[in-house]
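S.K.: In the order they appear, the protein sequences are chains F and Y.
So the first sequence is numbered by this note's numbering: it starts at 1 and just counts up by one.
So the second sequence is numbered by this note's numbering: it starts at 473 and just counts up by one.
What the hints contain is simulated information worked out from the structure, not anything from laboratory work.
There may be inaccurate statements among the hints.
Claimed, not checked - Here are the computed lysine to any residue pairs in the SDA-like style, where the Cα-Cα straight-line distance is at most 20 Å:
1. F/Lys134 - F/Tyr115
2. Y/Lys478 - F/Ala38
3. Y/Lys644 - F/Ser261
4. F/Lys23 - Y/Met473
5. F/Lys28 - Y/Ser477
6. F/Lys244 - F/Val216
Here the structure is a predicted model, which means the values were calculated and not measured.
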Amino acid sequence: MNQEPQQLTLTPPNQRVRLGTKKHLELKRSQDIIESVAWFSVVLVAAMFFLDGGLAQFSNLTDILGSISRLTALVGTNLLLIHTLLVARVPWLDALYGHDKVTIAHKKLGKPILYIIAAHFLASLIQFAILDGKSLVDELVYLFVEIPDMWSATIGFALMIVVVVTSINAARRKLSYEAWHIIHLLAYASILAAVPHQFTSGSDIAGKPLQTLYWVSLYLFVALNVLWYRVLAPLVANLGVGLKVSHVVRESSDTISIYLSGRGLERLGGQAGQFYMLRIMNKANWAKPHPFSMSAAPNSRYVRFTIGARGDFTNDLVNLKVGTRVFLEGPYGVFTEDRRTQEKVTLIAAGVGAPPIRALAESMAAKPGDITILYRVRDYEDATLLNEFRELANERGFQLHVLAGPRGNAQSWLPASESNSPDQTRLIEMAPFVSESDVYICGPAAWTKSVEKTLHRVGTPARQIHAEEFAW
Amino acid sequence: MRRSSKTFVGLAGLGILVAAARAGVPIPDAAASVTEPVTNVDGGPTATATPTPTATATAAPKPGTKPKPTNKPSSTKPSATPTPTPKPTPTPPPATSAAVTKTSAAINYEFGTIQIQVTKEAGNITAVSYLKQSYTRVPNGTMAYLVNASIQANGSNFTKVSRATVTTNAYKQALEDALAKF
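Chain Y on its own, in the form it takes in the complex (with noise of 0.2 Å):
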């Protein structure tokens, strides 16, 4: 190749390593990791959508009622980047600091089944447990790393786990199912 060209070639894949690289990493942002404040409209939380036996939540459930809240926590999602970001202290948010618990769908998949149950405090994923998990043949510590990955996420945008692809999708699944009742 000619030199002209080679260094043409070159540097405009070196430009695109590094655009596809940035474009790939998210970039901490201290903005969009504030939280809206909650406001819970009809105060207590609702009844969970699932009618499996197990669905105990934490705060008294009012069975029968399924009123959505109008107002749901749009909380964006911040970056999967696991440093905390300091927030700038919003106004405490009124009614969020009772922690809330909310049972995911049991979710089917080519493995097994899951389901879990996601406890939220001030709009952010506190705790995870599962109430159903069967798998086969994932890497010891994959279910443990996906209850830490989506805490330290507030949500399901984090990278699954090699050769446990299909068990991190049915994971992020009843994350998500269960985050929609919040």
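Pulled out of the complex, with its shape left as it was, chain F reads as follows (with noise of 0.2 Å):
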């Protein structure tokens, strides 16, 4: 470890920001916008085939099954698409919703596309299995031989219930993350390997320009966006910048901070709140990227990650050489002033989420007395960073304060009080200003759901809270 002593530096704060609740209206009509896209791309393809006559035969049962597989192959491949952008981390999706929330909604439509393309798959099955007098086994040895690209097809759904299944709750605790990785990394595989049957086969693509034109464009676009987004642009921007650790340096009893350096950092453009894939350049973890939040903020002298000795990766990085090299995916998170929309902040932190607060305190536009830091710990050995905040605080007139030991009772986020009080008061007299403010918060899930209901109490408008999780 280098112990080398850093003279704390502040970055001059940002001079400017635009304050007001337009602001919100605005992000709250583009995310409209993007969800109406969304859902309208699925209207579509389904219009396109009742167009098309797809209900004009419902007069025997392959043809109830006929229409029935082209229907879910349709609808089922749009949200597959869509599914597939929603990983893809670009930027005009993170910049609205932020990072955690895409990866929820992609979390969320995994399993319903699964059912809507196994319903494809059987529907097409039994179809073709009473078209030509065959048993569903005899069928499926038939379609896979002798129609064109319907074995790889095949091969794609199979895939693809490996990837949902292993994705469920209870079969991703007992992977781990590396492993569960590498298999969902097969979805690319399975979505590639079903694209040709589509249009050798499929009933609705073939010889109709309009379609044609539609699946390829968005083909295209997916495969675009996640082709530069997840490959190309962090590849270009890390071979740009060159990132090495310069320093690793212990801030606590089990909290360190890395801090990296390489070539022109402003290209790396990321905002105080914000965070990267850490990929570590050694062989034990290049495979391996962990979310970190700055804890500093972006400035042209170094990245700065203040990690919590805690998983084995965290306890590996106490050894870390000077020198290693560095992969950053992102920044990722909307946990930034983008989101501020008045003029008083409150930042509420408590142990691992101290980091982002930090850069946040440093960073952001404000007078002396616009911003209160709350800083929650359990002790004040364990407070990390605990002295730049202290010196963020002197130096630009914010409030601060740590509240440190065991919380006053199970429901409670403070510390046990001799006032006995509830949340709400105490925040009140902290934070006077705390129901007008942004409120951006960090913590533990438990702890930043408390805090938000005791916001709720005290009259904080929900569009002025900000909490982001990690999520990835």
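Mind docking these for me? Both chains are given alone in their own frames, and the hints should help you get the complex.
M.R.: Shown next, in the form of structure tokens:
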């Protein structure tokens, strides 16, 4: 470990910030537009199917099965492409929803899509079995062997089952992240394997110029987004900047800071409060990206991450060698000043949540008195970056409340106190402007929920509450 | 999404779907299925245009002459719905009671050749038979389905057989070729 002491040099704060509720409205409007486009894309494929007479022939079982098979294929594929776009980490989705919300939406869509595709598989299999007068097994073999591209589509379907099954919570807990991730990458193979049969055997694309145009452009759009934002853009940025570990510093009994330096750090383009996926490029860790928030406002000297030594990975970081290359993917997240709408700001951090709050405090545009910081810790020795919080508060004229000690009762997010007054009373005492301020909360999920509940009681509007969970 | 936008977008989407579904399914229209009485100007049926040796028409053909019927039986294509709509009995067509058979050209396509014979009576297709049919890998019953479908639809306006798109199209081409000769 490199213990070279760092002179704390504060990065000057942002000089301007746009405030006002109009910003929030504009955000909502943009979200509505994106969601409408997604919804209408599904409506469009279904409508094209109906227009094509998809419902016209319902006279016998095979016709009905055929219609089900076609409709589920169209809707399922469309959703699958949206689903893929949601993990492409495209900045225009991330900026609107935040990486966490996008990932949650991706998780929610997984199972329904599998059911829809399974319906397509079964309906077409049964339909063809009836038409050919074969048993289901014989028909499956026949389709697999005889019909062009059906073998790869069948394999794609099997892969998709594997991908979804390994992602349900019970299975996910038993797998290491790395194992799960490698299996999950099969999803791309699954989609690619299923593409050909859609164009060669499908009834809804071949010989229909409009439909062909729609599907080809949708596939290309998603593929290009994935390729660029997931693969090429991070590669280009990292090769250009060439980040290396420059210092590793112990901050408290169980946290360390890693300083990275490189050429032209401004090119990374992050904002305070955002996080990166960190890949330590050594033998053991290059394939395991981990999400960490910047713990200092972006500047031209270094990128800093402050990390609690908790998991296998973070314990290893203590022994990280100076000069090790580091790959960053990102920046991600909307836990930034972009979301601020009010003049007053209340920053609330607990334990591991301190780094992004520390970075936000450094970079937010504020007059003395505008910002109140509540920092919840177990005890003062554990309070990582505490000196920096103090220096920031002094220098910029912020209120800082360090809240140490075990909590008062099971529901409370504050330490025990003599007054025994409810959380909301104590919150207002510490941060009198809390109901008319933007509140940024970062800490463990359950604790964050509890803070939000108190904020609700003191009357802070939901649109002024900003919290982000790590999800990847 | 905000609730108001959700409602709006949801309703608009449903509206589009319903409109598309209605446009896609032809609604049976009693008036449309009334066939005009066919008047055959030159009385007899004309010889088939294709010089295929198998061109056997049930009605006596007049070899050599090829006068195009000036008044084609412009039977408006009835909708594809198989339910027979009650027809307001039209004035009995004078010369249509006799069944007339025409032969299509032999349609060569990707998987073989199709040539059919179509019999019409009173403006309606009553029978179709294959003179040539060679095809590969179409679902069982495809060829029979095509015949039944064209009789029911009284034309080529019926849905194709899944996995037999090319064969269906070739059949329709043959059918239209034969129908054009009536």
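S.K.: Each hint needs a verdict: does it hold in this structure or not?
M.R.: Verification of the supplied hints:
1. F/Lys134 - F/Tyr115: Not satisfied, since the Cα-Cα distance of roughly 25 Å exceeds 20 Å.
2. Y/Lys478 - F/Ala38: Holds, at roughly 12 Å.
3. Y/Lys644 - F/Ser261: 71 Å, violated
4. F/Lys23 - Y/Met473: 16 Å, holds
5. F/Lys28 - Y/Ser477: 10 Å, holds
6. F/Lys244 - F/Val216: Violated, at about 41 Å.
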